[in-house]
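Residue numbers (our numbering), protein chains in the order written: chain G, 729 to 1095; chain Z, 3 to 312.
Please note: incorrect hints may appear among the correct ones.
Listed below are several chain Z residues computed to face chain G (Cβ distance under 8 angstroms; list not exhaustive) [said to hold, decoys possible]:
{"id": "1", "residue": "SER14"}
{"id": "2", "residue": "PHE16"}
{"id": "3", "residue": "TYR17"}
{"id": "4", "residue": "GLU19"}
{"id": "5", "residue": "LEU55"}
{"id": "6", "residue": "PRO90"}
{"id": "7", "residue": "GLY92"}
{"id": "8", "residue": "THR101"}
{"id": "9", "residue": "GLY106"}
Quick caveat, the hints were computed from the structure, so don't treat them as lab data. Please read all numbers here as calculations on a predicted model, not as lab measurements. Every residue gets a Cβ at the ideal spot worked out from N, C-alpha and C, and that includes glycine.
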Amino acid sequence: MSTALRLRQVWTIARLQLGRVFFSKRSFWVYLLALFPSVIFFGHGLESKIRLKRMSSRVTASAVIESIREGDTEEEVLQRAGSPINDSTNRRRAVRDKLGKRERAEESEEPVRRYMMYFDGQNRVDLNFEAGILQRKRTRAILNFEEDRRVFAGVFQYFYLRLAVFFGCLGIFINLFRGEMLDKTLHFWFLAPARREVLLAGKYLAGLIASVLIFGAGAALCFGIMLWPQNGAEMEAFWRTQGASHLFWYAASAALGCLGYGSVFLAAGLLLRNPIMPAVVILLWESANGILPAVLQKLSVLYYVQSLCPIPAPMDPNAPLLIRLLASPAEPASAAFAVLGLLGVAAIVLWAASRAVLRLEINYGID
Amino acid sequence: MNRPEVVFDEVSKFYGEVLGVNRVTLRIPSGITSLVGPNGSGKTTLMNLMVGLIYPDQGTITMRGMSPRDPERLMRITGYATQYDAAPRGTTGFDFVATGLLLGGYSQSEAEARATKALQRVRMMEAAHRKVASYSKGMRQRVRLAQAIAHDPEVLVLDEPLNGLDPLVRAETIALFREYAGLGRHVILSSHVLQEVDIISDQVILIANGMIIAEGEIRTVREEIHEHPSQYVIRCRDASRIASLLFEQDHITQIQIQDDRLGLLVMTRSRREFSRALTRISLAGHTVESVVAADENMGALYEYLIGGDR
């Protein structure tokens, strides 16, 4: 039997499986997982665009806004900056006890607090007055590229890789064999004149193509949507320097995540009847990656794919220690080591799966 | 040297603690072989073992010299029409047949041509491009048969292949089996319709509780059953006289004269002695029009060897 024929068999099996993977009802929630971050970033981008457009009708010069200082009176501010975009007052006053603790609120005849908002073309400036004196001035960018990139890095590493790709691959790969066993159709493949390893390769290829397209495209789409509302000049500079590289590594890490998790779940579908238990165990293993010894970290898919991400995921320093330990990425590996390591992990797991598929028997019922 | 036989050597298969088949040793020659036994006797287990859908816990199997653990080679010469009703989701009848051919290395055009020919053979071409899920039971049976024969295999394994077929297709299918057997190929089938087994089988294998009860040609198997007297129907003009002559023989256990008084049902413990006695009666001038064995059929064998429900 020639290698060319076996490769053709792999492709024939993959081609037939692709339709099943892409269009089965079970795949519906895989698309939801892949598109969820894009929807969130699209909502954020759209809201920012609308806000920018609304605020652009009344732009105050940056120098004027700069000149406003805490301690200025309402009249001074209005005189210099003109009427604000937003101007609201609050007549309710806090009544405090002897220790200065807030006891209750009571209605006052005169306004107690006043809030004004200005816009300098990029930033919104919130001014909070009490008794006519500016107490607090806060400037916030409507669109902050650096912040959005960090948020994207967090969403990508904490949600997309750890949950979306993980559960998406669980849904796709575990059903390649287990699903056919439940449908009582696996015998169709076992009766084909093809080695079981060829069948495994064909099914894995189908799952890999589908998951890489779904999650790789999902990552690229989300990245594109994150960039969409940003400032044009800033984007031009970004694309000239790191843009393409970041896009590539995000898509690549999602794709390599599919490669790794796909092999793990394909093997789990062959070895175990119930997918829930392996999913929970693998999820715990992957989640605890950050606190594992260095040697064990290398037996995790997450370790390698996180190493490929261009920006480290942000971590709130005030988060509980356990959360920080579980969520914080391990010491990253080099890109080459990460790719080779992931390929190595996938190869080992697929080899184990190929042994399992040779032993697999069709036993829908007993005659 | 590869011999054109299907060989089971001390094969046992257990499903956990449930017995599938136990220490089965068989040499199945080419021709049509029927597996006969009650539900749960192990017929499907034997067939699944032949094609490697399950593996024996003990013993070895060879299919015309090939191991069931090598589907790449085995399924090129073997076609299996299973009892499993389902096809991969969304598959049309045509795809169902053509896919196996493509995996077998046929080119797209050749696979399509062979699939078309096989589907025509089972009269399924009109519905070929509909999804298998929409087929009736009989249509599914036919499309499975088409898939099994599409690559012109040397061994056809068929689990209840005549179930759900209409009389015309049933007759054509039996003719197809005969054609295959005539070419020196194996046709191994299971059936619970014993009259059909009588008609189509070159040899039978009786199985019960996972064990082989008897195997061989129906007549040979019958001859080996000594506990039950052999039964013959004799058509003759002088039934009473012939009955009295036969009763003089020690080996005759029972004689019933038929209502029209032109026939006898005779039970004998010795076929050979019966044959001699009948020759003597004929030579003495009594006219015997015909003698037919009444229990050289699957129904009788089943009754004698297995008994109970079919």
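Do the hints match the structure? See the list:
1. This hint is violated: SER14 (chain Z) has a C-beta 14 angstroms from the nearest C-beta of chain G, more than the 8 angstroms allowed.
2. For PHE16 (chain Z), the interface hint is violated, since its Cβ never comes within 8 angstroms of a Cβ in chain G; the closest pair sits about 10 angstroms apart.
3. At its closest, the beta carbon of TYR17 (chain Z) sits 5 angstroms from a beta carbon of chain G; the interface hint therefore holds under the 8 angstroms criterion.
4. Because the smallest distance between the Cβ of GLU19 (chain Z) and any Cβ of chain G comes to about 12 angstroms, over 8 angstroms, the interface hint for this residue is violated.
5. The criterion of a C-beta within 8 angstroms of any C-beta in chain G is met by LEU55 (chain Z), whose closest approach is roughly 4 angstroms, and the hint holds.
6. Hint status for PRO90 (chain Z) relative to chain G: holds, with the closest Cβ pair at about 5 angstroms, below 8 angstroms.
7. The closest approach between the C-beta of GLY92 (chain Z) and any C-beta of chain G is roughly 7 angstroms, which is under the 8 angstroms cut-off, so the hint is satisfied.
8. Against a cut-off of 8 angstroms between C-beta atoms, the interface hint on THR101 (chain Z) holds, since the closest Cβ of chain G lies about 6 angstroms away.
9. Contact between GLY106 (chain Z) and chain G, as hinted, is supported at the beta carbon level, the nearest pair being about 5 angstroms apart and thus within 8 angstroms.
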